[in-house]
Amino acid sequence: MFLDVSQAFDKVCHPGLLYKIIKHLPSLFPPLESYLGNRQFRTRVNGEDFPLFPINSGVLQGSVLGSMLYLLFTPDLPQAPYIKIGTFADDTVILPCHNDILRASSCLEEYLLTPQSWLQMWKIKINESKSTI
Numbered sequence: 001m002f003l004d005v006s007q008a009f010d011k012v013c014h015p016g017l018l019y020k021i022i023k024h025l026p027s028l029f030p031p032l033e034s035y036l037g038n039r040q041f042r043t044r045v046n047g048e049d050f051p052l053f054p055i056n057s058g059v060l061q062g063s064v065l066g067s068m069l070y071l072l073f074t075p076d077l078p079q080a081p082y083i084k085i086g087t088f089a090d091d092t093v094i095l096p097c098h099n100d101i102l103r104a105s106s107c108l109e110e111y112l113l114t115p116q117s118w119l120q121m122w123k124i125k126i127n128e129s130k131s132t133i
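In my numbering, the protein residues as written are 1 to 133.
Please note that a few of the clues may not be correct.
[What the hints assert, rightly or not] Below, a list of computed lysine-lysine pairs in the DSSO-like style, where the Cα atoms sit at most 30 Å apart: (1) Lys20 with Lys130; (2) Lys11 with Lys23; (3) Lys84 with Lys11; (4) Lys130 with Lys84; (5) Lys20 with Lys123; (6) Lys84 with Lys23; (7) Lys130 with Lys11; (8) Lys125 with Lys20; (9) Lys84 with Lys20; (10) Lys11 with Lys125; (11) Lys125 with Lys84; (12) Lys23 with Lys125; (13) Lys84 with Lys123; (14) Lys11 with Lys123; (15) Lys123 with Lys23.
By construction, these hints were calculated from the structure, which means they are not laboratory data.
Only a predicted model underlies this, so the values are computations on that prediction, with no experimental measurement involved.
Using the sequences and the hints, build the whole thing.
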């Protein structure tokens with residue numbers, strides 16, 4: 001199964017990403033906190049500037065660092081027996097691995113219920129219309 005994550009790079013929550021970085025790669029925390037922290041944006045309409053708003057999510061799509069930050073955000077995707085998960089940036093493949101094709105199919109079906117709470121907790125949405133099996 002190939003999963004398409006809706007707005008994957010835009011939805012990377014900075015506090016959640018920093019939590020995972022400090023937990024798994026604490027030596028990278030200071031520079032990445034500096035990189036992600038205190039980002040703001042302002043809108044201008046007809047020459048009128050509006051107040052600054054904080055940017056609390058998103059990493060640059062198409063950049064090497066953006067892809068790496070996305071991978072740091074998703075390494076704890078739930079695992080299951082007879083299931084292999086492969087990721088490259090925001091592309092995810094879920095492979096059932098069993099000699100019996102019926103058992104492999106049922107393992108995949110069972111697994112698809114597993115990550116729902118994880119996806120909700122990290123505010124990741126799967127685009128069902130673009131995901132394929």
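Structure-based check of all given hints:
Proposed proximity of Lys20 and Lys130 is supported: the alpha carbons are some 28 Å apart, at most 30 Å. Between the alpha carbons of Lys11 and Lys23 the distance comes to roughly 20 Å, so the proposed pair stays at or under 30 Å and holds. For the hint linking Lys84 to Lys11, the alpha-carbon distance of about 24 Å falls within 30 Å, and the restraint holds. Only pairs whose Cα atoms come within 30 Å are accepted, and Lys130 paired with Lys84 is accepted, the gap being roughly 20 Å.
For a cut-off of 30 Å, the pair hint linking Lys20 to Lys123 stands: about 14 Å separates their Cα positions. Using a Cα cut-off of 30 Å, the hinted pair Lys84 and Lys23 holds, with the two alpha carbons roughly 24 Å apart. Proposed proximity of Lys130 and Lys11 is supported: the alpha carbons are some 17 Å apart, at most 30 Å. For the hint pairing Lys125 with Lys20, the CA-to-CA distance comes to about 19 Å; that is within 30 Å, so the pair holds.
Only pairs whose Cα atoms come within 30 Å are accepted, and Lys84 paired with Lys20 is accepted, the gap being roughly 22 Å. Under the criterion of a C-alpha separation no larger than 30 Å, the hint pairing Lys11 with Lys125 is consistent with the structure, at around 9 Å. Distance hint between Lys125 and Lys84 is fulfilled; the C-alpha atoms sit about 20 Å from each other, no more than 30 Å. Only pairs whose Cα atoms come within 30 Å are accepted, and Lys23 paired with Lys125 is accepted, the gap being roughly 24 Å.
Under the criterion of a C-alpha separation no larger than 30 Å, the hint pairing Lys84 with Lys123 is consistent with the structure, at around 23 Å. For the proposed pair Lys11 and Lys123, the alpha carbon gap of about 7 Å is at most 30 Å, so the pair holds. Restraint check for Lys123 and Lys23: satisfied, since their Cα atoms lie roughly 19 Å apart, inside the 30 Å limit.
Figure legend: structure checked against the earlier numbered hints; every hint is met.
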